[in-house]
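Chains as they are written, first to last, in our numbering: chain Z, 8 to 484; chain X, 3 to 489.
Since the hints were made in silico from the structure, they are not lab data. Do not rely on the hints blindly, as some may be mistaken.
Each computed DSSO-like pair below joins lysine-lysine, with the alpha-carbon atoms no more than 27 angstroms apart [unchecked claim]:
#1 Z/K367 x Z/K395
#2 X/K140 x X/K381
#3 X/K335 x Z/K136
#4 Z/K115 x Z/K219
#5 X/K381 x X/K360
#6 Z/K136 x X/K329
#7 X/K57 x X/K111
#8 Z/K25 x X/K329
#9 X/K418 x X/K95
Selected chain X positions facing chain Z (Cβ under 7 angstroms, derived; list incomplete) [unchecked claim]:
#10 C84
#11 G203
#12 L204
#13 S239
#14 E317
#15 A320
#16 A323
#17 R324
#18 V328
#19 Y347
C-beta: ideal position from N, C-alpha, C; glycine also.
Spelled out from the first residue to the last, the chains are:
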Amino acid sequence: MNYEPVIGLEVHVQLSTKTKIFCGCSTNFGASPNTQTCPVCLGLPGVLPVLNKDVVQRAIETALATNCNVVERCIFHRKNYFYPDLPKGYQISQYDMPLGENGWIQIKLDGKVKKIRITRVHMEEDAGKLIHSENSEDLRSRVDLNRAGVPLLEIVSEPDISSPEEAYQYLVSLKQILEYLEISDCNMEEGSLRCDANISIRSVGESGLGTKAELKNMNSFKGVQKALEYEIIRQEKLLGKGEKVVQETRLWNTDLNRTESMRSKEEAHDYRYFPEPDLVNIIVDKEWVSKTRRSLPELPQARRDRLKNEYGLSDYDVEVLTMDKRVADYFEECSKYFPNCKMIANWITGDVLAVSKDRKISINDLNVSPKQLGELLGLIENGTISGKIAKDVFQDMVCTGKDAKQVVSEKGLVQLSDERELVSIIDKIIKQNPKPVNDFRSGKQNALGFLVGQIMKETKGKANPQVVNRILKSKLS
Amino acid sequence: MKHTLTAHELTKLLISRDVSSEELTRAVYEHIGKTDKQIGAYITLTKDTAIEQAKEADKRIKEKRGVAPLTGIPIAIKDNMCVKDVLCTCASKMLNDFVPPYNATVINKLRENGLVFLGKTNMDEFAMGSSTETSCFKITRNPWDTNAIPGGSSGGSAAAVASDQAILSIGSDTGGSIRQPASHCGIVGMKPTYGRVSRYGLVAFASSLDQIGPLTKDVWDCAALLEVISGYDPLDSTSLRMDSPDYMSFLNKDIKNIKIGVPKEYFIEGIDKDVELAVKGAIKKLEKLGAIIEEVSLPHTEYAVATYYIIAPAEASANLARYDGVKYGYRAKGEGVDNDLLGMYENTRKEGFGAEVKRRIMLGTHTLSSGYYDAYYLKAQKVRTLIKQDFDKAFKKFDILVTPTSPTPAFKIGEKTDDPLQMYLSDIFTIPTNLAGLPAISLPCGLNKNGLPMGLQLIGDYFDEGKILQVAHAFEQSTDFHRSKAI
Chain Z
8 MNYEPVIGLE
18 VHVQLSTKTK
28 IFCGCSTNFG
38 ASPNTQTCPV
48 CLGLPGVLPV
58 LNKDVVQRAI
68 ETALATNCNV
78 VERCIFHRKN
88 YFYPDLPKGY
98 QISQYDMPLG
108 ENGWIQIKLD
118 GKVKKIRITR
128 VHMEEDAGKL
138 IHSENSEDLR
148 SRVDLNRAGV
158 PLLEIVSEPD
168 ISSPEEAYQY
178 LVSLKQILEY
188 LEISDCNMEE
198 GSLRCDANIS
208 IRSVGESGLG
218 TKAELKNMNS
228 FKGVQKALEY
238 EIIRQEKLLG
248 KGEKVVQETR
258 LWNTDLNRTE
268 SMRSKEEAHD
278 YRYFPEPDLV
288 NIIVDKEWVS
298 KTRRSLPELP
308 QARRDRLKNE
318 YGLSDYDVEV
328 LTMDKRVADY
338 FEECSKYFPN
348 CKMIANWITG
358 DVLAVSKDRK
368 ISINDLNVSP
378 KQLGELLGLI
388 ENGTISGKIA
398 KDVFQDMVCT
408 GKDAKQVVSE
418 KGLVQLSDER
428 ELVSIIDKII
438 KQNPKPVNDF
448 RSGKQNALGF
458 LVGQIMKETK
468 GKANPQVVNR
478 ILKSKLS
Chain X
3 MKHTLTAHEL
13 TKLLISRDVS
23 SEELTRAVYE
33 HIGKTDKQIG
43 AYITLTKDTA
53 IEQAKEADKR
63 IKEKRGVAPL
73 TGIPIAIKDN
83 MCVKDVLCTC
93 ASKMLNDFVP
103 PYNATVINKL
113 RENGLVFLGK
123 TNMDEFAMGS
133 STETSCFKIT
143 RNPWDTNAIP
153 GGSSGGSAAA
163 VASDQAILSI
173 GSDTGGSIRQ
183 PASHCGIVGM
193 KPTYGRVSRY
203 GLVAFASSLD
213 QIGPLTKDVW
223 DCAALLEVIS
233 GYDPLDSTSL
243 RMDSPDYMSF
253 LNKDIKNIKI
263 GVPKEYFIEG
273 IDKDVELAVK
283 GAIKKLEKLG
293 AIIEEVSLPH
303 TEYAVATYYI
313 IAPAEASANL
323 ARYDGVKYGY
333 RAKGEGVDND
343 LLGMYENTRK
353 EGFGAEVKRR
363 IMLGTHTLSS
373 GYYDAYYLKA
383 QKVRTLIKQD
393 FDKAFKKFDI
403 LVTPTSPTPA
413 FKIGEKTDDP
423 LQMYLSDIFT
433 IPTNLAGLPA
443 ISLPCGLNKN
453 GLPMGLQLIG
463 DYFDEGKILQ
473 VAHAFEQSTD
483 FHRSKAI
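Use the sequences and the hints to build the structure in full.
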């Protein structure tokens, strides 16, 4: 029998607000344990939460960017459960009255565009973190509450995703939107973006839903894809044997590349949601929404359309350049200093991104500013250096932060275009290489390449290749 | 005998510098030393810091700098409000070593006004009870009859004022916990409008019902103390964004043509005969003073106690979840506990909480459970709205409603500890106003045949504490009930 998967994703994203959602503590990542806490986020007796308006602002932005309807009045609920990283014994979250509902985002897979519906976007507080001792002499667990109260958005999709690849693309598109909004670092390793997946399978053509498993503990987009792939096969095998899929939470084991059942005791939760009596209704009036809508930054799709139309770039270039908002910004900044946009795009999608990937740094942290790149490309365009030399100059710039002109003059890399000088070198090479010369004259075209290579070697790569080609050809004909 | 005076009598003596705050504070402590062994009003006394605070108040008065109406007056604090660096137990084993690192907003306000903190008073554990008998430390005795309960949960605060072991005190009122002990101890106690006084730093029992308020020897003191503690607080999202009026300006006014409603549902079968007579006498008195008295119906009153015992435990079950042995307070130890998280949770909460607290946590956990939520919690919220609407309708016609505070005078120690339902019913007249969020006062309206005090409750419309104080003061000034002393 043929099965098809039905997948829905729950994404939690940490908002990069300055302060926590219900108190004034900093949200910075990586501080010493429990230094970014106060009576409120420690859950001491007697404290009360006060909602950070900035969190609501960013939640509205996200809801609008994912085409959600922003409700006029919403409330917080208490989600009750015991865990040492949850200081109050309940999490303040949203339940049946979330801030945003009924949205969608667009994904692209194999050239085809698909809409994935968004069920809801809601606000909640993060829990703290447990640090388990690795010392067998001292098997204690410690609690770090720096993260407790960091604002989170939960973005839940409808089960519209029908393959692990689509799930991957959905995450890429969603992350892109969140990055364009500049509301989160979206760093899955640091936990500022987390994803759980609900997956069931059903016979192709069937409209009902099968029993789902909830997958947790994936720490990369590829991990989500792999976990889903594994889970589809596992569920197919079960159904194939006439067995049933059990509704449960399964953890992705990164080392063993498989999903494993969580002990059912740990997941047998009745969260006993009820309205949070310490907070009042959140009223988002129409004016707030329309003001936010007007101030939304350009989103990925709009940017792609604009880059294509305004700069005449190819689909591929646009796709690569807009993947990361900072790259697109870099491109547009660079275009102010150098008019040939296709050439800029080639350079960014080639050498620039290669270096940034190699060094695992963002394009903004490269030592080469958009202006400096533009100047480098200007030196190619006016014939000062060759494209090949430019690649070396670029590497040098990355290491030193120097301007292109400075590197070129310090290293004496100015292109050799002087015909008289080149003629004497070319004559020398012709004299030294009678065999390739004869080969070329007898019709072997690739012998020319060898001779050009020898000339470039002699000039340490500085010879202007166009001039060399012209002179050499005329000498040999 | 300074400690037997009211705050307004003492304020005059402090300003004229016939008495210093230090002398007064020492006199109160001396009296506490003599009587509190018998009464048991206090859990913690903070004499050293109190003397420092009194000296500072004297300095303020001497230099005429930052002197407020209650500067230098010693006050007792219910042990569920956080005072920085002072033990805050909520009368529970769970918090018997908890020292808060911060001040409640009311505490800051009291300190800014130069009041002197005597100590923390006994209460029902986590404010759950009506007799102060659920305290894990000790019982508090009624100063009028040491075999009787002082009421609760603010029994320590009420007994302290009634026995002159404090000039003023503050308590918290979730279903009557200020008014009922005030009534049983023959003093004045007020629950302000929900949101009038910041709850920040008050250890939560039921967040949508809890409200801090004054317990005092008379109405003047109540108005003065309310003025100090009320006002908007950005740290409490449910706090009212409005200025508090000048409560003192409502005193010494006549009450001619003020419309007072008498809800018929509050004079029911089972109400103590003496209480009924005393309250009816008080109503006659109010009429004599010029008020217009009329009967009114609040038809959903009979559902108030049931509604309360759904909503309050539900909120409490979440509010008390933080006492889990992880961060502060009591933690169970021993085999099967030290290396087992679930065992640690279970034993900590089993050993740390008393029976009444556990009963309410279980009630609340049950009513919020999936499958029961709609039938209990949601239904209770709907009934709560109906109860509110009863009052809204009544206040379209009336300025004030008058009722008994409690159906009986103080009962005997141990009389109702085995019968939670009987205990719950002692708040039958106070609970509706908490559900509605309305302000109400209890003030003395006589002694019963055994010499125990009884209280009159005046309920006002939202934000209308002023009118309550006006009627209460007029009544008090025309009677001598507030002059009766317990000891």
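How the hints compare with the structure:
1. Taking the CA atoms of Z/K367 and Z/K395, the gap is near 24 angstroms; set against the 27 angstroms cutoff, the hint holds.
2. Straight-line distance between C-alpha atoms of X/K140 and X/K381 comes to about 37 angstroms, which puts the hinted pair past the 27 angstroms bound.
3. Between X/K335 and Z/K136, the direct Cα distance comes to roughly 24 angstroms. Compliance with the 27 angstroms bound is thereby established for this hinted pair.
4. For the given pair, Z/K115 sits about 25 angstroms from Z/K219 by alpha-carbon distance, which is consistent with the 27 angstroms threshold.
5. Note on X/K381 and X/K360: the hinted pairing holds, with a Cα-Cα distance of about 23 angstroms set against a maximum of 27 angstroms.
6. Restraint check for Z/K136 and X/K329: the C-alpha separation of about 14 angstroms stays at or below 27 angstroms, so the hint holds.
7. Of the supplied pair hints, the one linking X/K57 and X/K111 holds, its CA atoms being roughly 18 angstroms apart against a limit of 27 angstroms.
8. Between the alpha carbons of Z/K25 and X/K329 the distance comes to roughly 26 angstroms, so the proposed pair stays at or under 27 angstroms and holds.
9. This hinted pair checks out: X/K418 and X/K95 have alpha carbons roughly 22 angstroms apart, not beyond 27 angstroms.
10. Nearest Cβ of chain Z to the Cβ of X/C84: about 5 angstroms, under the 7 angstroms cut. The hint holds.
11. The restraint placing X/G203 at the interface with chain Z holds, with a minimum CB-CB distance near 5 angstroms, inside the 7 angstroms limit.
12. With its C-beta approaching chain Z no nearer than about 6 angstroms, X/L204 sits inside the 7 angstroms limit, and its interface hint holds.
13. A hinted interface residue such as X/S239 counts as satisfied when its beta carbon comes closer than 7 angstroms to some beta carbon of chain Z; here the least separation is about 5 angstroms, so the hint holds.
14. Annotation: X/E317 was flagged as interfacial toward chain Z, and the flag holds, the nearest CB pair being 6 angstroms apart, inside 7 angstroms.
15. Contact between X/A320 and chain Z, as hinted, is supported at the beta carbon level, the nearest pair being about 5 angstroms apart and thus within 7 angstroms.
16. Because the beta carbon of X/A323 sits about 2 angstroms from the nearest beta carbon in chain Z, less than 7 angstroms, this interface hint is met.
17. Annotation: X/R324 was flagged as interfacial toward chain Z, and the flag holds, the nearest CB pair being 5 angstroms apart, inside 7 angstroms.
18. Contact between X/V328 and chain Z, as hinted, is supported at the beta carbon level, the nearest pair being about 5 angstroms apart and thus within 7 angstroms.
19. The beta carbon of X/Y347 comes within 6 angstroms of a beta carbon in chain Z, closer than 7 angstroms, and the hint placing it at the interface holds.
Going through the hint list in order, the structure does not satisfy hint 2, though it satisfies all others.
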